Amino acid sequence: MPNSALAQEFQGGIVIANNSSGSMKIVQAPLPDSVILPLQQRIGDEAVALVAVGDEVLTGQLIAETTDYFCTPIHATISGIISAIDKQIIPHKSGLKSNCISIKSDGKDEWISLNQQHKNFLQSPPEKLIDAIQAAGIVGLGGGGFPTHAKLKNLTNCQTIIINGTECEPGIMCDDALMQNHPLEVISGVEILLHICAASRAIIAIEDDKPAAFSALQKCNKNQQISIVKIPTKYTSGAEKLLIKSLLNIEIPSGSFASDEGIICQNVATVKAISDAIIEGKPLVSRVVTVTGSGVAIPQNYEVRLGAKFADIIAASKPNNLPHNLRMGGLMMGLDVENIGLPIGKISNCIFVNNAEKKPAEQPCIRCGQCNLVCPVGLLPQQLFWWSKHKNTEKAMDYNLPDCIECRCCDFVCPSHIPLAQHFVAAKELNYQQTQQQYKTAIAKKRFEFRQFRLERNAAERAEMMAKKRAELQKKMANDKSQKAKIAKALERVKTKKDENNSNI
Amino acid sequence: MMRQVIYALLLGVIAEFYFFGWGVFWQILLGVSTAILVESAFLKIRKLPIKPVITDGSGALTAMLLAISIPSIAPWWIVVLGVAFALIFGKQLYGGLGHNPFNPAMLGYAFLLISYPLQMTTWAAEFLNFAQSFEAIFGINLPDALTGATKLDSLKTQLALGKSATELSINSISQAWINLGFLLGGLYLLARKIILWHIPIAFLSGVLTISSLLFLIDNSLYLPPQNHLLLGGTMLGAFFIATDPVSAATTPKGRLIYGFFIGILVVIIRVFGGYPDGVAFAVLLMNIAVPLIDYYTQPKVFGQ
Ligand code: SF4
Ligand code: SF4
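From first to last, the protein sequence lines stand for chains S and Y. Following the working numbering, the numbering of the first sequence begins with 2 at its first residue and continues without gaps. Following the working numbering, the numbering of the second sequence begins with 169 at its first residue and continues without gaps.
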């Protein structure tokens, strides 16, 4: 594939005016006074703290660990003193509380000594590198948060690595800034991945409205195996399966994974983190976060320590004094947050500070079909909505509910302002519950039937045994009878003999 | 959105006004007032909020479509009855906007045409001023000379009398202008992306296909295809009536099928049916087929 090939466009999706005129510098956010690090990760068990309140820690020091395969260890992101280990609210859809370690900064940011044993990564065996990636606490930084080592382990026959350099949503620019400011690290991260996966090629996909990032990477790339490709700027082009389709024209079947086709996808920020971890030996203690929206003077990217508060970087962006709506993660897929005191996590790529606006009132669906035209996976949101609203999950499943990627393209165009995707999430949840219920009922039924069967079998066995015993008894009795009869006969014989004898006398 | 559609209708309405006079104005006024009254009353009885429904403009649009479809000098109770029927039986009884399977305006039209064929086919033969049209609509009879049968009707009778179709088609200048007005309004809607192209284009191709076919079979008996495009309710139907989203098919492919068959039915009813124009019945017939069309034209889902 030629280096600057423009990948083909996919059906549906929406073009949203991207008026991010922000600077592409990455500003170092000031060292936070304190950080809050949740022990609960995206999936898996809660990590166990290795430190106690009052302990002194260094930046990058391991402070919590778990043996769960899908989890990564947790590192201190500043140096200082452990001030608390307790339950705190974390930024999560459920508004959950999780156990968190809080560290109070000593202002020195003293690091642990870095272990650079894999600096010449080509000499290290892939398994060692994967372990090092896990040990550095690296997860998907694009917003998914899926642990990277889990994606890399047990790969068989991986052909192609796709590096996702598309911002998942308009307005977010942290990946763009990262590619412009750290092209070397991105390329070396890709080389590490090529070594680990033994793949034959890697493709870095960048939207065509990011020429600066494109040329920065192009300049640094000396590797024949790596190509850099522009793709059309359109929302949802960064969704994994759609990206694969537009780059390679391979359609990953519904229900299976990219890795089944010998493809793995990684986000550019993750790739850079891999490079930092392997070459410099640095665990993941910070990330780039975009602060944008109508409520701030200049949209800006910050390199922030994990666990710092959103409030810290919002303040640095000079918000106006109007009331704001805050949204974490992106206008489309993100979630509204109310509290800017929440800690920044590994997946917090962006925070929108928008002037509060009244949401337009929801109106009935007029079946205009606009939503059907934009769905990037070819669903009929209008039909899905009809059935989801009426809780008819069976029908909704008929219309391929599980294939919805919850991208909210349909919401965006709906003239009646219906929160369609929200209904689909609810319907999926309901369907899950129902199938669980069905499963449970099926199991209960099976159990009941088995019990019934067992009882019947026992009864039958007993009956058989009884019958056998009875038969034996009868036989015995019959034997007895014949015995008795013999005796009687004998007695009779004796008697007649006696009688005879008597009469003979 | 509905309001944009109403604005787009104005060009065609002005053309109607030019040829038929003030009656058009009276009909629209009567129709829209009836719509507001009927819907408010209905919602009040059902104890539902009234304001959002009245302000969404959908009732007014239904009334307006009906008002411009019926003869401009039809008596006042025709449009009142039609609009009331359309909104109560065609919309609110199904649960209001978004739930009705049939196009309400066309349901009202069909009801009127079946029940009051005489009033529904008597058109003004020339421009009527404010007072004349008022008289005609509100009860005082006009002299016969001022009225005539609908253009299509007279065409049909005269065709039957053996005159050539091309000769007669010149008579339909007024119809052509009105159709052009609606065509321009429709193009505006397309440009503003308020309606999508699928239905109107498919509708017009349907009309062209079947009328060309008929014309090829016997050009002395059937009108040339371009005349069908500019006669009766063709343009109004293609851009404003068949595109009613609520009762139309919703999938892209489904809309092509839906529009195409309406186009075909319109011409068939016009030519072979007993009614002067076929838009209403064609649309209603295809409304019935919508669930089926939608089900069998689901797009291919990614990864399946
Ligand atoms: S875009 Fe909204 S109003 Fe239109 S069909 Fe879809 S859900 Fe209904
Ligand atoms: S949210 Fe689901 S239904 Fe809506 S456009 Fe995205 S994938 Fe399609």
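Treat the hints as calculated values from the structure; they're not laboratory data. This one's a predicted model, so the numbers in the text were calculated from it and none came from an experiment. Take the hints with a grain of salt, since some may be wrong.
Subject to a maximum C-alpha distance of 27 Å in a straight line, what follows is the list of computed BS3-like cross-link-like pairs (lysine-lysine) [stated by the list, open to error]:
1) S/K359 / Y/K361
2) Y/K219 / S/K429
3) S/K310 / S/K88
4) Y/K468 / S/K359
5) S/K396 / Y/K468
Derived CB-CB ranges, DEER-like [said to hold, decoys possible]:
6) Y/R171 / S/P324: 44 to 52 Å
7) S/P361 / Y/R214: 48 to 56 Å
8) Y/K421 / S/P420: 48 to 56 Å
Beta carbons are placed, not taken as given, at the ideal position from N, Cα and C, and that holds for glycine.
Cross-check of the supplied hints:
1. S/K359 / Y/K361: The hint holds at about 25 Å.
2. Y/K219 / S/K429: 34 Å, violated
3. S/K310 / S/K88: 16 Å, holds
4. Y/K468 / S/K359: Status violated; Cα separation ~37 Å.
5. S/K396 / Y/K468: Since the Cα atoms of S/K396 and Y/K468 sit roughly 17 Å apart, the hinted pair holds (cutoff 27 Å).
6. Y/R171 / S/P324: 44 to 52 Å: Given about 31 Å between the Cβ atoms, the range is violated.
7. S/P361 / Y/R214: 48 to 56 Å: 24 Å, violated
8. Y/K421 / S/P420: 48 to 56 Å: 27 Å, violated
Violation of the numbered hints given earlier is confined to hints 2, 4, 6, 7, 8; the remaining hints are satisfied by the structure.
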